[in-house]
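Chemist: As they're listed, the protein sequences go chains A and B.
In terms of the working numbering, the numbers along the first sequence are unbroken and rise by one, the last being 518.
In terms of the working numbering, the numbers along the second sequence are unbroken and rise by one, the last being 499.
No lab work stands behind these hints, which were simulated from the structure alone.
Please note: incorrect hints may appear among the correct ones.
What the simulated footprint calls covered on chain A by chain B, stretch by stretch (three residues with Cβ under 8 Å from a Cβ of chain B suffice, anywhere in the stretch; the number is not a length) [as the list claims (entries may be wrong)]: (1) 150–158; (2) 181–190.
The calculated lysine to any residue pairs, modelled on SDA-like cross-linking and capped at a C-alpha distance of 25 Å, are [as the list claims (entries may be wrong)]: (3) Lys171(A) <-> Asp308(A); (4) Lys371(B) <-> Gln360(B); (5) Lys454(A) <-> Pro466(A); (6) Lys113(A) <-> Ile461(A); (7) Lys454(A) <-> Ile369(A); (8) Lys171(A) <-> Arg445(B); (9) Lys417(A) <-> Phe406(A); (10) Lys327(B) <-> Thr215(A); (11) Lys171(A) <-> Ser294(B); (12) Lys275(B) <-> Gly206(B); (13) Lys171(A) <-> Ile423(B); (14) Lys327(B) <-> Phe406(A); (15) Lys275(B) <-> Arg378(B); (16) Lys113(A) <-> Glu492(B); (17) Lys77(A) <-> Thr491(B); (18) Lys327(B) <-> Ile423(B); (19) Lys2(B) <-> Asn73(B); (20) Lys371(B) <-> Arg115(A); (21) Lys77(A) <-> Glu492(B); (22) Lys196(A) <-> Asn73(B); (23) Lys113(A) <-> Lys167(B); (24) Lys417(A) <-> Tyr499(A); (25) Lys371(B) <-> Tyr499(A); (26) Lys167(B) <-> Met233(B); (27) Lys196(A) <-> Gly495(B).
All C-beta atoms, glycine included, are put in the ideal place defined by N, C-alpha and C.
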Amino acid sequence: MSLSSDISFPALTLLIFLPTAGALAMLLFMRGRPRAYKTTALVTSLVVFALAVYLAARFRTGTAAFQFQEQADWIAKLGISYHLGVDGISLVLILLTALLSVLAILGSWNSIKDRTLAFFISLLILETGMIGVFAAMDLFLFYVFWEVQLIPMYFIIGLWGGARRVYAAVKFFLYTFAGSVLMLVAIIAVVWWNRKNGGSLTFDILTLQQVGFPTGLAAWSFAAFFIAFAIKVPMFPVHTWLPDAHTEAPTAGSVILAGVLLKMGTYGMIRFCIGFFPEIAVRAILPVLILSVIAVIYGAAMSLVQPDMKRLVAYSSVSHMGFVTLGLFAFNQQGVEGSILQMVSHGILTGALFMMVGFFYDRTHTRLIADYGGMARPMPVAAAFFSLFVLGSLGLPGLSGFVGEFLILVGTFQYAKVFAALASIGIVLGAAYLLWMYQRTMFQQANEKWLTLKDLGAREIITLVPLVVMAVWIGVYPHTFLNMLHAPVDNILSQVQPYLDEQGGAVARLVGSLFGGF
Amino acid sequence: MKASDLVAVIPELVLLVAACAVLLVEAFSKKDSGEPLGVGRKYWAVGLALLGTLGSVVASLVLLPGESRVTFNSTFVLDEWGIFFNVLFGVAATLAVLMSPAYLQVHRRHLGEYYALLLFTLIGMDLLAGARDFIVFYVALELMAISSYLLAAFFRYRLRSNESALKYFLTGSFASAVLLYGISLVYGQAGATDYWTVGKALGMQGSSAGVLLAVFLVGVGLAFKVSAAPFHMWTPDVYQGAPTPVTAFFSVGPKAAAFSVFISAFIFAFGGAAKDWSVFFIVLAIATMLVGNSVALVQTNVKRMLAYSSIAHAGYMLAGLAAVGWKQDVFPAMGVLVYLAAYTFMNLGAFGILGHLKTQAPSDFDYSLSKLAGLGRRSPWTALLFSLFLISLTGIPGTAGFIGKFWVFSGVVMADLWWLAIIAVLLSAVAAYFYLRVIIYMFFREPEASEPEKVLSARPLSGGMAVAMVVCAVATVIIGVLPARLWDAVTEVFGTFFG
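Sequences are here, hints too, so could you generate the full structure?
Modeler: Rendered as structure tokens:
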């Protein structure tokens, strides 16, 4: 294996496979000893997180180059290699993954009673798949990790989920699988086209990004990649798996689903849809923006009428992820950086909201808003945390949600005012459904049943504090993260720019003629 | 015939000796007193059968030639192609033998003839892969087929087994007749029966009506054997009715043998009409994938579901064959070989687990889905292994099934048949549903509380069955994670095959 010069040990391999090693150790040596295997799971995920932080500290900002690269032959005859590396975008997402994995394990410490060992093993294997997706620099390797994480998630929903868990698990699996097999055909198509037209036979992502694919092939392949990623994000109208999966999954599953898995979709769009086919991406701006705005408003409107807290948060994800795709396809510095920051912020805040709902559910065994009321009296600490996350999620300045959404709106406004205006309806609705939910659950008439409930314990508070820290950090000083993003985002925009100059005018005119004087 | 010709058929001779030895030992061995007919440990028969199957594998590997051994007036060739299939078939048969004793004993039909028949089938398959002449091809096919009919009928006191065998026999002989008619047309037009001469003679005629008819009839005959739709009708009934280890073997062995002829005969003898048979294969592939996957969706009997699933898998491989003809490029055929190897292990594994479950509750377990409810809790290892095979059949990366699909579909896309690849992958997404459903029952459902005494629970795997399942599981994972060696082997096969 060859390592790049900026690191002396295979850090990314460790990052990816430490969780698997931990899971194996738990399976082989710790069956029937809950304390031992839970501790091992926690320690493993902590080590992974520490390693990720170490890499972030060693990371050189100001360059779009991939760092900490590792390369080894895998299936040499087909040009498939085990090639890892990270740029600012993937590193930020890996940090998010590592953090949420720790918190997911900590958060489900006592709430999983049945087949506990299998649950923690699934979480660790899932972590391997997620980090692998973000670190892969070979298309084949990327696809392998992309699919592999389906299996543990399928079991997490199906085994430890709520009442309709089997339905939700199957729906989740089939939606994603159908999308990704289409992507597989597109992967094969672009690789073979490159081979036939003088290129070498390779699945290397960087090499393929340099190839200019002909418009016909690019359009079809873009469509296939885009469908696969749009299902994952999820964009309207392929979002219908999400409310079921998020609602039925156990707390840790919802946290990981909303926090990380959705981001794999938008990450894929950045890396492949835009990276491989910038020309088509520019042509697709208008439909993508329209679908994004629909998702923003529709998701928010659906949230408004949900009687179930978890389902409400789930639909709010559709709305918030709509912002991400909106900013991404605005193709300017603010829009794209804002959407990546929003990915992280959404992971933290929505993860936190699911965590909170989980803590309430552990005590009351109901998720219906109508069953709650006056929770602030028995659980003041929980109410305080909850208010912070609710406010962050609705975009209060000073918390992370604001920075991302603000940048996205600024970016979109420069490009197409009407879409920015429509999207801000989503923010208004967001304030409405979140505050209304908060009011109905925490204040108002207290439900007699809950007056004796215990407030959050030390473990639960420890789980939430890192999320608060992150929300405030990004909200107050986003520079730390934006700094990592500048160079790779510039790089992407420079690929898109020629086509924007060519096509952008046309799209802007079209938008103008469609929406009049805006 | 020269004495040196015999060198090329040493693997088959080993099998023949072993088969005869099994029959003789069976005839002269004393019946266990006090036990009903057919029950006994049969160490001798099992041992000799294993000696035969493994012997043929070893003999093939030892014969691994620098040059091809063209023998019997160039009607039979042992080259790396033949050796690849000898090894594949030998391993499949070995695994089937290992799975059988427990199953046969539980059903009180543990007879030596069973192993002899299995060996005879194997001889037919080996000869089929090495055949370079339509007469040898036909004789080998019949040897394989007739032994298979008998195997299907092995539980002759059971109605289902009888039905299975009769259906197999009737449709099989009909297919053979069609095939033979096709071969006679070939001979009529080419004046020869060996592939090369036929290839040259037919190549000069281009795609005349006579050639097309001949190719079509041979194709239909073989389509029966690989259970391609619309010639698949016999498959579910035969697979369901036959003893499970036999079904496991049928679903991989004879099917792979028929595919080997599909490739060799169609490329060598019918190469001139490649574009035409490619269209035939495209139609066949689409119909087969569609029928296999959609009918499997509604099955509640797992054995029958796996039968339809094996039809669907034949469809994916037929898509690969279509791509071979479409651009006259052998790359997709290499993918088919990889697929066959991957499919052999995962499918044997899946049927093997069913066989194991059947031995746990012979009268109670009817292969229905509901009986599997909660198996994951009661027998976690068995359920996990079964899940591994099902996940591989679905085609999830990290398992052999994905590697097979990846290579075949790569070939299909490379031949500019990307729309066929899209149909194939979408149908394989449909397939995920019925494979997952088995996992759902095993892990996510609990058995009906009303009949607690009827709950199926499996003892841990043991003996030959354990060895077979571990081999299948390890092979499934290794092909999935480190496929480079298999790929090298397949590349070499094609190097000499067309060199």
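Chemist: With reference to the structure, classify each hint as holding or not holding.
Modeler: Hint check:
By the rule of at least three residues with a Cβ nearer than 8 Å to a Cβ of chain B, the coverage given for the region 150–158 of chain A holds, with 5 such residues. Only residues whose beta carbon comes within less than 8 Å of a beta carbon in chain B count, and the region 181–190 of chain A has 6; three or more means the coverage holds. Restraint check for Lys171(A) and Asp308(A): satisfied, since their Cα atoms lie roughly 20 Å apart, inside the 25 Å limit. For the hint linking Lys371(B) to Gln360(B), the alpha-carbon distance of about 12 Å falls within 25 Å, and the restraint holds.
Our distance criterion of 25 Å between C-alpha atoms is met by Lys454(A) and Pro466(A), whose separation comes to about 22 Å. Taken as a hint, the Lys113(A) and Ile461(A) pair is honoured in the structure, with Cα atoms around 21 Å apart against an allowance of 25 Å. Between Lys454(A) and Ile369(A), the direct Cα distance comes to roughly 19 Å. Compliance with the 25 Å bound is thereby established for this hinted pair. In summary, the hint linking Lys171(A) to Arg445(B) is supported, as the alpha carbons are separated by about 17 Å, within the 25 Å threshold.
Taking the CA atoms of Lys417(A) and Phe406(A), the gap is near 14 Å; set against the 25 Å cutoff, the hint holds. Distance hint between Lys327(B) and Thr215(A) is fulfilled; the C-alpha atoms sit about 23 Å from each other, no more than 25 Å. With a CA separation close to 18 Å, the supplied pair Lys171(A) and Ser294(B) stays within the 25 Å bound. For the proposed pair Lys275(B) and Gly206(B), the alpha carbon gap of about 11 Å is at most 25 Å, so the pair holds.
A hinted pair counts as satisfied when its Cα atoms are at most 25 Å apart, and Lys171(A) with Ile423(B) qualifies at roughly 20 Å. With a CA separation close to 54 Å, the supplied pair Lys327(B) and Phe406(A) exceeds the 25 Å bound. Restraint check: the Cα-Cα separation between Lys275(B) and Arg378(B) comes to about 54 Å, which exceeds 25 Å; the hinted pair is violated. For the given pair, Lys113(A) sits about 54 Å from Glu492(B) by alpha-carbon distance, which is inconsistent with the 25 Å threshold.
Between Lys77(A) and Thr491(B) the alpha-carbon distance is near 10 Å, which keeps this suggested pair within the 25 Å criterion. For a cut-off of 25 Å, the pair hint linking Lys327(B) to Ile423(B) stands: about 19 Å separates their Cα positions. This hinted pair checks out: Lys2(B) and Asn73(B) have alpha carbons roughly 10 Å apart, not beyond 25 Å. The suggested pairing of Lys371(B) with Arg115(A) holds, with an alpha-carbon distance near 21 Å, which does not exceed 25 Å.
Taking the CA atoms of Lys77(A) and Glu492(B), the gap is about 12 Å. The hint holds against a cut of 25 Å. Restraint check for Lys196(A) and Asn73(B): the C-alpha separation of about 41 Å exceeds 25 Å, so the hint is violated. Between Lys113(A) and Lys167(B) the alpha-carbon distance is near 52 Å, which puts this suggested pair outside the 25 Å criterion. At roughly 21 Å between alpha-carbon atoms, Lys417(A) and Tyr499(A) fall within 25 Å of each other, so this suggested pair holds.
For the hint linking Lys371(B) to Tyr499(A), the alpha-carbon distance of about 59 Å lies beyond 25 Å, and the restraint is violated. About 9 Å separates the Cα atoms of Lys167(B) and Met233(B), which keeps this hinted pair within 25 Å; it holds. Taking the CA atoms of Lys196(A) and Gly495(B), the gap is about 21 Å. The hint holds against a cut of 25 Å.
Violated hints, in rising order: 14, 15, 16, 22, 23 and 25; the structure is consistent with all others.
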